[in-house]
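Protein chains in written order, with the numbering used here: chain A, 398 to 510; chain B, 39 to 153.
If you're looking for bench data, these hints aren't it; they were derived computationally from the structure.
Hints may contain errors.
[Claimed, not checked] Only part of the chain A face toward chain B is listed, based on derived beta-carbon distances under 8 angstroms:
#1 Gln414
#2 Asn448
#3 His495
#4 Thr498
#5 Tyr500
#6 Gly504
#7 Thr508
#8 Leu510
Think of the CB as a built atom: it goes at the ideal place given N, C-alpha and C, for glycine as much as any other residue.
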Amino acid sequence: EPEVTQTPSHQVTQMGQEVILRCVPISNHLYFYWYRQILGQKVEFLVSFYNNEISEKSEIFDDQFSVERPDGSNFTLKIRSTKLEDSAMYFCAISSGHTDTQYFGPGTRLTVL
Amino acid sequence: DAKTTQPTSMDCAEGRAANLPCNHSTISGNEYVYWYRQIHSQGPQYIIHGLKNNETNEMASLIITEDRKSSTLILPHATLRDTAVYYCIVRVRSYSGAGSYQLTFGKGTKLSVIP
């Protein structure tokens, strides 16, 4: 199973601040995803990313969110101006192909105060 | 993607087989059945997937009915570490130029393995 690491494991921020969550796949997988899980709720898809472009995004992924692979290895999720309701676990996932198995990282717990 | 239905919760005695059912009566021929689990708030862990034949790996077995409308995940000898929420997910298996490739998680089945 491909290994995916995420940093930080826990991020605490003030409302209105920008946060960057990082995903580092230990492999050459080409497809990247972000999901989130608000405490006690379902895991929800945010965005998929391939070939340096967003290939799919959900309604949750509004203008406050952005993704990129700045150095060809790290995959980042930026939340421009955090809101209280952004508090959640954020999971990165990777796959070899669009329809191949997705493997998840351990997650980053984001707490917005 | 086709919708799935799973029981909310199940108990299983340690050392016994855990059989987790999933109904996916609207599945199409172009869709796989995937199983993931989530232990506490950790990232979802891939378990197994299949199309129409039964599948087995080091973690579990997947039994898919002949009409593909339901499946059962089998953990042959459940341990306390198998206590988790188990998700049955149906997703498209081939690129068609349209449609979604995201995983759509439901509420899953909370499996409690009891000593």
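How the hints compare with the structure:
Interface hint status for glutamine 414 of chain A: violated, as the beta-carbon distance to the closest one in chain B is roughly 23 angstroms, over 8 angstroms. For asparagine 448 of chain A, the shortest C-beta to C-beta distance to chain B is roughly 14 angstroms, which exceeds 8 angstroms, and the interface hint is violated. For histidine 495 of chain A, the interface hint holds, since its Cβ comes within 8 angstroms of a Cβ in chain B; the closest pair sits about 5 angstroms apart. Using the Cβ-Cβ criterion of 8 angstroms, the hint placing threonine 498 of chain A at the interface with chain B is satisfied: the shortest such distance is roughly 6 angstroms.
For the restraint placing tyrosine 500 of chain A at the interface with chain B, the shortest Cβ-Cβ distance is roughly 6 angstroms, inside the 8 angstroms limit, so the hint holds. Look at glycine 504 of chain A: its Cβ gets to within about 5 angstroms of chain B, closer than 8 angstroms, so that hint holds up. At about 13 angstroms, the closest approach between the beta carbon of threonine 508 of chain A and any beta carbon in chain B exceeds 8 angstroms, and the interface hint on this residue is violated. Residue-level restraint check for leucine 510 of chain A is violated (minimum Cβ-Cβ distance to chain B is 19 angstroms; threshold 8 angstroms).
Of the numbered hints listed earlier, those contradicted by the structure are 1, 2, 7, 8.
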